[in-house]
Amino acid sequence: MLRRHRAAHAYMWKALAIFLPAMLIAALAIRQHGPTEKPAVQLEEPATGAGASAEGTES
Amino acid sequence: MRTMSVRYAPVGWNRNKIFYDVVLLAAVVAYILLYIKIAPSFQDVTRPTSGAILRAQAFGTCAFLMLTFILCIGPLARLDTRFLPLLYNRRHFGVITCAVAFTHASTIVSIYFSFSPLNKYVAVLASNTSYDRFLGFPFETFGIFALFLLLVLAATSHDFWLRFLTPPIWKAIHISIYVAYAAIVCHIVLGSLQSKQSPLLAAVVGLSVIAVTGLHLIAGRIERQKDRNTAESASESTAEAPWVLAGQVDDIADGRGIVVALEDGERVAVFRYGDRLSALANVCAHQNGPLGEGRIVDGYVTCPWHGFQYRPSDGCSPPPFTEKAATYRLRLDGRRILLDPRPNEPGTHVEPVRVTPTSETEA
Numbered sequence: 000m001l002r003r004h005r006a007a008h009a010y011m012w013k014a015l016a017i018f019l020p021a022m023l024i025a026a027l028a029i030r031q032h033g034p035t036e037k038p039a040v041q042l043e044e045p046a047t048g049a050g051a052s053a054e055g056t057e058s
Numbered sequence: 000m001r002t003m004s005v006r007y008a009p010v011g012w013n014r015n016k017i018f019y020d021v022v023l024l025a026a027v028v029a030y031i032l033l034y035i036k037i038a039p040s041f042q043d044v045t046r047p048t049s050g051a052i053l054r055a056q057a058f059g060t061c062a063f064l065m066l067t068f069i070l071c072i073g074p075l076a077r078l079d080t081r082f083l084p085l086l087y088n089r090r091h092f093g094v095i096t097c098a099v100a101f102t103h104a105s106t107i108v109s110i111y112f113s114f115s116p117l118n119k120y121v122a123v124l125a126s127n128t129s130y131d132r133f134l135g136f137p138f139e140t141f142g143i144f145a146l147f148l149l150l151v152l153a154a155t156s157h158d159f160w161l162r163f164l165t166p167p168i169w170k171a172i173h174i175s176i177y178v179a180y181a182a183i184v185c186h187i188v189l190g191s192l193q194s195k196q197s198p199l200l201a202a203v204v205g206l207s208v209i210a211v212t213g214l215h216l217i218a219g220r221i222e223r224q225k226d227r228n229t230a231e232s233a234s235e236s237t238a239e240a241p242w243v244l245a246g247q248v249d250d251i252a253d254g255r256g257i258v259v260a261l262e263d264g265e266r267v268a269v270f271r272y273g274d275r276l277s278a279l280a281n282v283c284a285h286q287n288g289p290l291g292e293g294r295i296v297d298g299y300v301t302c303p304w305h306g307f308q309y310r311p312s313d314g315c316s317p318p319p320f321t322e323k324a325a326t327y328r329l330r331l332d333g334r335r336i337l338l339d340p341r342p343n344e345p346g347t348h349v350e351p352v353r354v355t356p357t358s359e360t361e362a
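Respectively, the protein sequence lines represent chains A and B. When we follow numbering that gives the first Met the number 0, the leftmost residue of the first sequence carries the number 0, and every step to the right adds one. When we follow numbering that gives the first Met the number 0, the leftmost residue of the second sequence carries the number 0, and every step to the right adds one.
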């Protein structure tokens, strides 16, 4: 490889070795967590009393 | 072995290239099918991913992994010659990567922008214009830019373009593969990694960055160290300037070469073939391959990358080919090889130095 091409490669990879990890770390560190990412929560069953009263109303 | 072509041909097929491409295509198909089959089992059951999005993810991750692998081939081949066969057909690898990336982009455009009131291709650029923010930055722009570079590189990958543009310009254009890789990393970290919590994807991107940059830095460091060592021993030299010490005759195996680094950073390949020694520039006129790491085949110095050949005595390729390498003068001082570091014009004949057998051989 020509000397100038080797030098271009070396400069480019030194720059990328700093830029790419910095970019990845920064993007992960300041990442915003949206409400849709919260784990799904199973809803509680309706209270027994409320269910009974509803049944009572229907009847 | 030789792969040079006189006339334009879309692809100079040979058995090795066909085998390489078949294996590569099989690996790509296997990856896509496996991804589509396995990925749903890792997803959140409350937010299932559609088949079209899975396909887009499969092609996108495949293109990224392929690009990572392509970029690792170069330094791996510098560190260990067993990886050289991978380098031989790397351009086909690149073209297939471009096709996979293009499929990813087409699928994404069809999924997200087909129902836009604007033209779907205009909508890709117009849907998010928050260029003043880091988070929320239109990551699609990085993907489009990287795809554009990959298309340019794929379109100019043929040897026709190498000859038409000349090797220095072609090489300068193809260095932009590194820029494409950086753009794809930005595309992923500002896109997929922001929109969904995926430790696996983050780990894959992190490992890719470590592998690609790490291998290039290590290979560069080792080569610089080698150059420094040979340049130092060359500069010990002789009292007769400008001759420098290139090495010992007995250090070079028959049909092989050694690489000598000069003080100005250029490298020279010194070859021994039978009882003769010749020196050429270490740079192949095709793609700057390291001639000194090649060997003599049918009397010609043969580049280890793609098999381009040069006559050791004048650096000319065999007819009808026209490539030429610069030659250097050599002389012997006992068993020491001395090199004149001033290059001759490419194609200049230099009489090979005759080597006498060692006393051991004679005995």
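Among these hints, one or two may not hold up.
As the list claims (entries may be wrong) - Label-pair distances were calculated between CB atoms; the ranges are:
#1 A:I17 <-> B:L117: 47 to 55 Å
#2 B:A125 <-> A:T47: 49 to 57 Å
#3 B:K16 <-> A:I24: 34 to 42 Å
#4 A:A14 <-> B:P241: 32 to 40 Å
#5 A:P20 <-> B:S197: 13 to 21 Å
#6 A:R30 <-> B:P319: 53 to 61 Å
#7 A:V40 <-> B:T128: 31 to 39 Å
#8 A:A14 <-> B:L206: 16 to 24 Å
#9 B:K119 <-> A:T47: 50 to 58 Å
I should point out that these hints are in silico values taken from the structure, not numbers from a laboratory. For every residue, glycine included, the Cβ atom is placed at its ideal position computed from N, Cα and C.
How the hints compare with the structure:
{"no.": "1", "hint": "A:I17 <-> B:L117: 47 to 55 Å", "result": "38 Å, violated"}
{"no.": "2", "hint": "B:A125 <-> A:T47: 49 to 57 Å", "result": "55 Å, holds"}
{"no.": "3", "hint": "B:K16 <-> A:I24: 34 to 42 Å", "result": "40 Å, holds"}
{"no.": "4", "hint": "A:A14 <-> B:P241: 32 to 40 Å", "result": "36 Å, holds"}
{"no.": "5", "hint": "A:P20 <-> B:S197: 13 to 21 Å", "result": "18 Å, holds"}
{"no.": "6", "hint": "A:R30 <-> B:P319: 53 to 61 Å", "result": "59 Å, holds"}
{"no.": "7", "hint": "A:V40 <-> B:T128: 31 to 39 Å", "result": "36 Å, holds"}
{"no.": "8", "hint": "A:A14 <-> B:L206: 16 to 24 Å", "result": "20 Å, holds"}
{"no.": "9", "hint": "B:K119 <-> A:T47: 50 to 58 Å", "result": "54 Å, holds"}
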